[in-house]
Amino acid sequence: MPVKELGALHSVGKGIARIDADEKVRGKAQYADDLHVPGAWYGYVVRSPVSHGRLSGLRMDSDFDWSQVVVVTPEDIPGNNIVDMMGRDMPFIAHAEIQYLGEPVALVAAPTRHLACVAGSHIHPDIEEFPPLLTLQEMVAQYKEDPSKLHELSAQTIRKGDADKAVNEADIVMEREYSAGHQEQLYIEPQGMVAVPESDGTMFVHGSMQCPYYINPELCETLDIPPEKLRVKQSAVGGAFGGKEEFPTLLAGYCALLALKAKRPVKIIYDRNQDILFSTKRHPSWSRYRVGLNKDGTIQGIRCEFLLDGGAYTTLSPVVMYRGILHSAMGYRCDNVSIDGHVYRTNTFPNGAFRGFGAPQALWAWESMIDELAEACGMTPHEFRLKNCLHEGDATPTGGLLRDSVGSPEVLEKTLERCNFGEKFKQCSHGRRGEKKWYGIGLSFFAHGSGFTGDGEARIKAKAALDLEPGDNGKPVVNVRISSTEMGQGTCTIMPQVVADAMSIDVRHAYYPMPDTFKVPDSGPTVASRTAMVVGSTVFGAGRKMKADLEAFASEALFEGQPVTLDQDRFRGSYGDKEMSFEEVAAEYLARKGPLRVYDQFQLPDFIKWNQNTFEGDAYPAYSWGCNVAELEVDTLTFEIKVTKVTAYYDIGRLLNPVLAKGQIEGGLVQALGYAMMEKIEVKDGKYDADRMQTYVIPTTLDIPEMDLHFVEYPWEHAQPGAKGVGEIPMDGLAPAIANALVQATGIRMRDLPITPERLFQMMQEEKTA
Amino acid sequence: MADENTRGRPLAGGTDLMVQWESGVLDMPERAVSVKHLPELRNIEEADGEIVIGASVTHMGIRRSPLTQKYLPSLVDAAATIGGFQIQTMGTIGGSVANASPAGDLAPSLMITDGTVVVASVRGEREVPVTKFWTGYRQIDLQPDELIVRFRLPKMPEGYREVWRKLGPRQAQAISKVMGSCRGHVADGVVKSFRVAIGSIAPTCVRLYDVEKWVEGKKLDEAVLAEAEQRTSDGINPIADIRSTAEYRKWVTGRMVRGFLEQLAGL
Chain A
77 MPVKELGALH SVGKGIARID ADEKVRGKAQ YADDLHVPGA WYGYVVRSPV
127 SHGRLSGLRM DSDFDWSQVV VVTPEDIPGN NIVDMMGRDM PFIAHAEIQY
177 LGEPVALVAA PTRHLACVAG SHIHPDIEEF PPLLTLQEMV AQYKEDPSKL
227 HELSAQTIRK GDADKAVNEA DIVMEREYSA GHQEQLYIEP QGMVAVPESD
277 GTMFVHGSMQ CPYYINPELC ETLDIPPEKL RVKQSAVGGA FGGKEEFPTL
327 LAGYCALLAL KAKRPVKIIY DRNQDILFST KRHPSWSRYR VGLNKDGTIQ
377 GIRCEFLLDG GAYTTLSPVV MYRGILHSAM GYRCDNVSID GHVYRTNTFP
427 NGAFRGFGAP QALWAWESMI DELAEACGMT PHEFRLKNCL HEGDATPTGG
477 LLRDSVGSPE VLEKTLERCN FGEKFKQCSH GRRGEKKWYG IGLSFFAHGS
527 GFTGDGEARI KAKAALDLEP GDNGKPVVNV RISSTEMGQG TCTIMPQVVA
577 DAMSIDVRHA YYPMPDTFKV PDSGPTVASR TAMVVGSTVF GAGRKMKADL
627 EAFASEALFE GQPVTLDQDR FRGSYGDKEM SFEEVAAEYL ARKGPLRVYD
677 QFQLPDFIKW NQNTFEGDAY PAYSWGCNVA ELEVDTLTFE IKVTKVTAYY
727 DIGRLLNPVL AKGQIEGGLV QALGYAMMEK IEVKDGKYDA DRMQTYVIPT
777 TLDIPEMDLH FVEYPWEHAQ PGAKGVGEIP MDGLAPAIAN ALVQATGIRM
827 RDLPITPERL FQMMQEEKTA
Chain B
5 MADENTRGRP LAGGTDLMVQ WESGVLDMPE RAVSVKHLPE LRNIEEADGE
55 IVIGASVTHM GIRRSPLTQK YLPSLVDAAA TIGGFQIQTM GTIGGSVANA
105 SPAGDLAPSL MITDGTVVVA SVRGEREVPV TKFWTGYRQI DLQPDELIVR
155 FRLPKMPEGY REVWRKLGPR QAQAISKVMG SCRGHVADGV VKSFRVAIGS
205 IAPTCVRLYD VEKWVEGKKL DEAVLAEAEQ RTSDGINPIA DIRSTAEYRK
255 WVTGRMVRGF LEQLAGL
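Those sequence lines, one after another, are chains A and B. According to this note's numbering, numbering within the first sequence proceeds without interruption in unit steps and concludes at 846. According to this note's numbering, numbering within the second sequence proceeds without interruption in unit steps and concludes at 271.
No lab work stands behind these hints: they were computed from the structure. Predicted model only: the values in this text are computed from it and were never measured. Even glycine gets a Cβ: it sits at the ideal position worked out from N, Cα and C.
Here are some chain A residues pointing at chain B (derived, C-beta under 7 Å):
| # | residue |
| --- | --- |
| 1 | L713 |
| 2 | T714 |
| 3 | M754 |
| 4 | D765 |
| 5 | T771 |
| 6 | V773 |
| 7 | T776 |
| 8 | L778 |
| 9 | D779 |
| 10 | E834 |
| 11 | F837 |
Negatives, chain A to chain B, calculated, CB over 12 Å:
| # | residue |
| --- | --- |
| 12 | Q218 |
| 13 | G469 |
| 14 | D784 |
Simulated coverage check for chain B against chain A, where a stretch passes if three residues somewhere in it have a Cβ under 8 Å from a Cβ of chain A:
| # | segment |
| --- | --- |
| 15 | 171-183 |
| 16 | 250-260 |
Using the sequences and the hints, build the whole thing.
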């Protein structure tokens, strides 16, 4: 199928250097801990030492000099003691119930970090302890026995056709369970925030975050201030991966509450240990499938239960679960689908956003299941996928129509061809005795919804603005005013590229300043693989408007009324030889009329229909597509597993910047490798056991396999520049591809993440004794 | 050092101590005295069939010396797996030994030489066999006024081979799950000499004397290899911790010893 063109672009599609590279390489970028805030005190959170209980009071040691510090308890909160996320069940500071170890019971601020800690150690919560529910395993056991005894935070179903009937009537019925554990984001820069109470009653929150317009309005109710009195600004962010999506609201709240009472700025910077112990992680998950097949390999019916361990409070777990169930049967044709999603409470820190947002958990299970189904009907994994995969014009599990921009089956076909899958598949070792290495190759194929789940984009109505104003050097600059943040993924580079093409100017005239809610409209959060597609197209629209405004101005003021076109940085009249550069015209505009601001707003095409109650229709405006092939070797002496090569094709729509896009894929695959094979964090006595970088192990350079990565471009056809999502999809497919390769190498099917030599040894032993 | 009132904690590279002070595992002492730059502790020399390594020689120093490369190859290989470039440039052999972590990666390669640790104080010098220097979990045979000054390590004899193997949770910057070294000589498939030491499976690094004795003189066929593996696993009692399970450690130690023998025999 030919790649559809949206018109030539000059800047988009070029791998220009990151605009923020220089300041980051030179150490000039100001991260939260670099912010110089005169007179700032340090905040400290006093935490519950138990996982579950009832708080009856706080004892404060009378021999401590309390005059030198400020202490905040729930009584000091001006508004409601509620973190206003999807559920309104979480308090900023516990006042009655304790739902997790580490839950705040008081806040302290002091002139030094040390004194704040010392003061905190003189505050003792009185807690009557209750038995906690701590792990996914306990949660699943209870679910199987009697789910009504669990505390449900959220539930959702998907129904299409009659799945139970279709499964029961099928030739082959297969039932399987899969699980995956926590994953820590482990960004380089830990969480950090400063709150500054301004003299006019404004609270200024400045720090490391993904979503300035989450903190505003979420904090307004607690601080009891109107949104216009809460200013939120992003500092340079050293990685986030979802870990700075909803969590910074908590940190901003602690700082702001302390700053209000102390009447001075308050800063909290977590060290690594605190950051791992007391911030969000990927939700542990459990999937159970019951799938019916015909002998010829047609999928008749899919029945799936998808459970997430939500941690102590709701936060944004419902949407994580939604994305999970929307990907739990995605990618393949089937008319009968029934999926039940649940999020249950456990007594650990609330789990939260992490790159992929439920999809990696769902696809880990589903893409492992697909291999098991293929085997059950005597087909190879690639034949089975080629037979069943979705094409343009097919329907998704929610009955959404794949109208256009569908990179399937091309990514699948190309990947198989590129790595010579069919031949290599025949060479797998299958645990043969007498070999020093076992070889295996495995496959995964997947789609990832671009943009907010369900009715999200229709609800958010992303806004973008462009400001033509004098830059720091006095020359005119077009500043991109969006709340989408730069957190390492490239926003601050791709947005000027988009502006350059929308206006037909050189990319050096456009700039992306760090978002500040006093200057940027609400473009929605920096999440859900939506920035390039949704906000990018809105920026493009604003660029077109600014181009038209400047052409009209030039025509009237500088070209004696003749029609004027701005093309490749030059204004030209439709007759005569007169030409002016963008810079000259823009400077004239600024001199005569002052700064120019234009807005645009994202319009979801009206044929995209979604029912948020029944989960029917188009769950996403578009999908990115991907295929991963993992090759691995198992050392038969030690069962060490080494992934030697990953071959992959992705369709992420139009490539805005191919170098950055490839960087996203490479980085995401490494993170997925960690999820699949190394990253293991368990709850011991209510506390995460791997609470330092020494014990929480992520891949190093030497662990990274050879990567053979390629793109095919099926641009989103409904708005320029035609990008789809790239941020999350690299996280989706590697874990199941590795598990599928491991089966071919060893004969052992791993159904729990992470996959380690210890687990392989244990399963080999179990197989021997069985 | 001799006066306990003014005594400071000896500090070599600080790559272990500073982490322990920062994380609160150890209290930070009032004084620390860096011994890293004492010239007499920084040499690697050859003397009387031995390689003498000063206590402040860094991991990078071990990696780069032609003497260690030729005569103590498993020590070189072990040093290359400790931390990253920065740690290898700061961390020292004396510090690593004094830190006495059961996962200290240099320990097995030192133990298989049957060499000695030389410690010094104002009372003079004293020599302790490497195999006796670690007395328990994070315990060493060193008085408060003593300092480790050098290691005397018999060279690998002609015709012998050494092998190092480390199993960690990842390929670099890893703390060992199990690691070990062997020094041995196999001729015509018959084990003439075999010394093997394993770390991370007991409170200290351990020599597997029983297995060494049992295998010496035997012809390495599948039955002997299998029994050496089994005897190794049966003879140890490792614990489970955050890095690995007890069962895997017990099994894989046997596998490693089998692998060592296979490699010595060129199998």
